[in-house]
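Quick note, the sequences are listed as chains A and B, same order.
Each residue of the first sequence is one higher than the one before, starting from 1 at the first, in the UniProt record's numbering.
Each residue of the second sequence is one higher than the one before, starting from 1 at the first, in the UniProt record's numbering.
Honestly, the hints are just simulated from the structure, not real lab data.
Each hint should be verified, as a subset may be incorrect.
[Said to hold, decoys possible] The calculated lysine to aspartate or glutamate pairs, modelled on EDC-like cross-linking and capped at a C-alpha distance of 20 Å, are:
(1) B:Lys98 with B:Glu34
(2) A:Lys115 with B:Glu368
(3) A:Lys8 with A:Glu72
(4) B:Lys333 with B:Glu279
(5) A:Lys219 with A:Glu244
(6) A:Lys118 with B:Asp353
(7) A:Lys8 with A:Glu18
(8) B:Lys321 with B:Glu303
(9) B:Lys366 with A:Asp234
(10) A:Lys80 with A:Glu202
(11) A:Lys118 with B:Glu368
(12) B:Lys366 with A:Asp55
(13) A:Lys219 with A:Asp184
(14) B:Lys84 with B:Glu34
(15) B:Lys366 with A:Glu72
(16) B:Lys8 with B:Glu34
(17) B:Lys366 with A:Glu112
(18) A:Lys21 with A:Glu202
(19) B:Lys366 with A:Glu18
(20) A:Lys80 with B:Glu368
(21) B:Lys321 with B:Asp353
(22) A:Lys118 with B:Glu395
(23) B:Lys111 with B:Asp9
(24) B:Lys98 with B:Asp73
(25) B:Lys366 with B:Asp353
(26) B:Lys366 with A:Asp184
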Amino acid sequence: MSNDLVIKDLCANIGDNEILKGVNLTIRGGTIHAIMGPNGSGKSTLAHVIAGHPDYEVTAGEIWYGGQNILELEADERSKLGLFLAFQYPVAVPGVTVANFLRAAINAHRAEEGKDPKATAIPMAEFRKMLREGMKTLEMDEGFARRYLNEGFSGGEKKRLEILQMTMLKPGMVVMDETDSGLDIDALRIVAEGVNRLAGPELGALVITHYQRLLNYIKPNFVSVMMDGRIVRDGGPELALELEEKGYDWLREELAGAA
Amino acid sequence: MKQSITLKDLTADLIVEQAHAEQEPGWLAERRHEAWTFFAQSGPPEWRRTDLSGLAPDALTLSGSVGTELIWDASLADQGIVFKPLRQALNSHEELIKAHMDTAVAPLDHKFSALRAALWTDGVLLYVPKNVAVDTPIHVRYTLPADHHMIMPRTLVILEANASATVIEEFVSADRSEQALAAPVTELITGPNSTLRFISVQQWGDGVYHIGGQKAVLGNNASLEWTSLALGAKVQHIEAETTLKGNGSRVNWLGATFANGSQVLVTAPWLRHIGHNAESFMQFKTVVNDTAYSVFDGMIKIEHESTATSTRLEEHALHLKPGARNDSIPGLKIDTNSVLKGGHASTSGDVDDEQLFYMQTRGLSKNEARRMIVMGFFSPALDTIPVEALRHQLEAVIEAKI
Ligand SMILES: Nc1ncnc2c1ncn2[C@@H]1O[C@H](COP(=O)(O)OP(=O)(O)O)[C@@H](O)[C@H]1O
Ligand SMILES: [Mg+2]
């Protein structure tokens, strides 16, 4: 299926360090797939490689989405195919307001080759309405739109903005990198509700988390475990509960025993 | 001056003769004479970073009063506001001009300051009387008529006590294929409790040399919001200063310089603290592209009379190409041991890759992301421009330089 995200034998380096050592993973369109794993196992690296970060060198493997191997595409082209990365650490861009940025992003998605960008741009009134509604459901203050992107934002504000962007860009596949980290329980609820509103047959999600906590709010269909640059176990929601209860060490030992 | 005279044909006698022909007051003719004598006797200024090798002023023709536009709501005159060409204002406000002109920017500082004082023709006086507050911007626009011309416009702004105004000073011309020189002087004199918003926009065309002096002198509890934009010209050398003379005076000074192509844009903004409890903030931002060169030669001088000074200086530079250069030379000179707060921050480098990546993951192309980052870099300065049409025009100029 072309709305599946299919990762095959993916190996990636940063500098001289091999971080991803043959990742095999399929996220089916319309499902929520959680990846759990200890710190440093390569989850954020995987998210960045999927999104097209230029600092990572892919040495082997493929990533398929939307009917093509996306590894040769720039990050913006992947976005336009319908991929979206919610960052673990969203980046501040001083001087660029949330509203202007979102409008530029939406217009970039609406642009069509050979057409005047003005002709495809979202009408201002429609944009404002969409922004207002998006902010309202995420319980964001109206003044938020005029603030500079992520500049001086609290952890919760940053994560809400990630979800707002996701809501407005309507991706087909999202990768959420520790969206729960640094959130108090209220913010976690708002963010999770935001995701659940979008969930459905049109949205696939790869939800990266260190803790089971998020999965009480966003119910995964599948759970995979990553360790040392590989997917070491696949299962259903019960796997997350087992990890919550027992930690990662038993799995590490089991794997060592099997080797 | 006569329209057609070139610099090499000018003499002190001719200058005085011309001043009389224009029916200028005797003191002005004397000042011109003195300045010319200084000019003729002094050598070129020793500006290490400002390349004036392409400037041959002898061949330049002095332009008469052409191309000074005064853009304002003329009904403001009913409140006693005076906004008129400086020479014309000499007829009605001679004493006021005599008392203030040359008090901020010293005429006999160097060769070019003397040249400006000797030969100015264009200019404006803005006078805002006591207790008069104007919201609508008062705008003067100077233009350069042709290649091989030089103009020496003077802006003299005087705010009386409790007055408030927003003033735009703009320098604009077509591109010049041959050399042309603009040597303007801007003097801002503000009275007690007055508020001045001053926006200076240098957007000359190619080929223009700009050698300017700008200085604000603040009265007690006066407040100045100054935005300095430098976008155009072949070579710019601006010496600017805010003197916080009054107790409790404040300045918030934002600079935005964008040099591309082979432009050389040098700005030397100084903050000089004299009064007690005065506060200053200066933030200068520079973008350099292609093989352009820019210099921020800033200085904070805290004089011995001052007490409880608060001051902060920030300079930030973005390099868009490896061949582009920026020198930042912040200085601090403290002659008192009574400073309340001092701060300094400085950054310099390429556009941040993580910002680019973040924006690209939302669908923006790398170029579009760069464009937004650069525009965002300048937005604190651009946001102070109260005339929307001018702001949009400047945004377009900046975009074209990225
Ligand atoms: N920019 C980088 N340079 C060098 N090593 C890195 C970089 N980013 C991540 N790493 C290393 O890659 C490994 C995986 O990191 P990461 O993908 O962030 O793990 P996780 O998100 O699972 O905590 C870690 O050992 C980390 O130190
Ligand atoms: Mg991580």
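Query raised in the report: Which earlier hints turn out false for this structure, listed by number in ascending order?
Result: The structure conflicts with hints 6, 8, 9, 14, 18, 19, 24, 26, although it agrees with all the remaining ones.
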